[in-house]
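Asker: Given next are the chains, with one letter for each unit.
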Amino acid sequence: MEVRDRWSEFEARNASALVVSFAEPEALDDYQQYLKLPYPIAADPNRKAYAAYGVGRGPTWRIWSPRVIWQYITLVARGRKLQKPRQNEDLSQLGADFIIAPQGHLQYTHVSKSPSDRPPIDELLREMGT
Amino acid sequence: MIVPTAGKPAPTFIASLADGTTTRPQDHLGHPLLLIFLRHLA
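Protein chains in written order, with the working numbering: chain L, 14 to 143; chain P, 17 to 58.
Simulated from the structure, these hints should not be mistaken for lab results.
Think of the CB as a built atom: it goes at the ideal place given N, C-alpha and C, for glycine as much as any other residue.
Treat the hints loosely; a few may be bogus.
FRET-style restraints, in silico, Cβ to Cβ [as the list claims (entries may be wrong)]: (1) P:20 x L:134: 20 to 26 Å; (2) L:136 x P:25: 35 to 41 Å; (3) P:17 x L:51: 26 to 32 Å; (4) P:20 x L:22: 24 to 30 Å; (5) P:23 x L:18: 17 to 23 Å; (6) P:23 x L:79: 18 to 24 Å; (7) P:20 x L:133: 20 to 26 Å.
Taking lysine-lysine pairs in the DSSO-like style, the calculated list, with each CA pair at most 27 Å apart, reads [said to hold, decoys possible]: (8) P:24 x L:126; (9) L:61 x L:126; (10) L:61 x L:49; (11) L:61 x P:24.
Non-contacting residues of chain L with respect to chain P, defined by C-beta distances greater than 10 Å in every case (computed) [as the list claims (entries may be wrong)]: (12) 18; (13) 19; (14) 21; (15) 28; (16) 49; (17) 51; (18) 67; (19) 73; (20) 77; (21) 78; (22) 80; (23) 83; (24) 87; (25) 139.
Sequences are here, hints too, so could you generate the full structure?
Answerer: Have a look at this one:
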């Protein structure tokens with residue numbers, strides 16, 4: 014969401030984005046409408062893209078670390094209603110952030126160690142240059 | 017799994033875009049991949 018909130022800064026760097034989720038395609042449309050993300054969401058329920066990018070599952074002790082639990086508590090305190098995962102959704106699957114240069118090679122990679130481990134937006138912008 | 021490092025070609029894949037067939041709001045994406053593509057400057 015932080016990326017969405019600062020999307021104009023990404024656009025200023027001539028970037029586009031794609032979010033890949035392991036949720037089923039039909040689960041994502043309302044999410045897209047709700048959040049009004051300025052970039053598309055792709056469904057990858059078989060996690061082929063995750064595998065292609067080498068992004069696997071995290072150990073339970075990291076997935077449910079105190080920091081992650083605190084993050085969920087904060088979300089609930091802000092009014093977010095948490096839902097149980099849908100069938101086949103694997104909460105141990107980690108996420109990641111990649112920046113892909115115009116020539117198609119990876120310029121930046123960050124694979125999360127836990128659900129709360131995402132790179133700072135400023136770091137992404139810095140990697141993209143001015 | 018082996019994460020491709022910076023400087024390597026980005027892996028390609030085929031995925032389905034959200035198709036608008038659900039009625040139940042989804043308030044999380046699981047733990048997504050965020051792919052940011054830089055375009056050539058005109």
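Asker: Given a hinted range of 26 to 32 Å, is it respected by the beta-carbon distance of residue 17 (chain P) and residue 51 (chain L)?
Answerer: holds, 30 Å
Asker: Residue 83 (chain L) clear of chain P by more than 10 Å, beta carbon to beta carbon?
Answerer: holds, 17 Å
Asker: Given a hint of 20 to 26 Å, does the C-beta separation of residue 20 (chain P) and residue 134 (chain L) actually sit inside it?
Answerer: holds, 23 Å
Asker: Hint check: residue 24 (chain P) vs residue 126 (chain L), CA-CA at most 27 Å. Holds or violated?
Answerer: Holds, at about 21 Å.
Asker: A cut-off of 10 Å on Cβ-Cβ distance, and residue 28 (chain L) was said to be off the interface with chain P. Does that hold?
Answerer: violated, 5 Å
Asker: Does residue 49 (chain L) sit within 27 Å of residue 61 (chain L), going by the straight-line distance between their CA atoms?
Answerer: holds, 26 Å
Asker: What's the verdict on residue 61 (chain L) and residue 24 (chain P), does the C-alpha distance respect the 27 Å limit or exceed it?
Answerer: holds, 18 Å
Asker: Say whether it holds or is violated: residue 73 (chain L) keeps its Cβ farther than 10 Å from all Cβ of chain P.
Answerer: holds, 14 Å
Asker: So residue 139 (chain L) supposedly isn't at the interface. Is its beta-carbon more than 10 Å from every beta-carbon in chain P?
Answerer: The claim holds: residue 139 (chain L) sits with its nearest Cβ about 13 Å from chain P, beyond 10 Å.
Asker: Would you assess whether residue 49 (chain L), listed as outside the interface, keeps its beta-carbon beyond 10 Å of every beta-carbon in chain P?
Answerer: holds, 13 Å
Asker: Do residue 23 (chain P) and residue 18 (chain L) keep their Cβ atoms within the hinted range of 17 to 23 Å?
Answerer: Roughly 30 Å apart at Cβ, these two residues miss the hinted range, so it is violated.
Asker: Does the claim that residue 21 (chain L) lies outside the interface with chain P hold up, using a Cβ gap greater than 10 Å?
Answerer: Non-interface label on residue 21 (chain L) holds, nearest chain P Cβ at 14 Å vs cutoff 10 Å.
Hint compliance for this structure: hints 2, 5, 6, 15, 18 are not met, and every other hint is.
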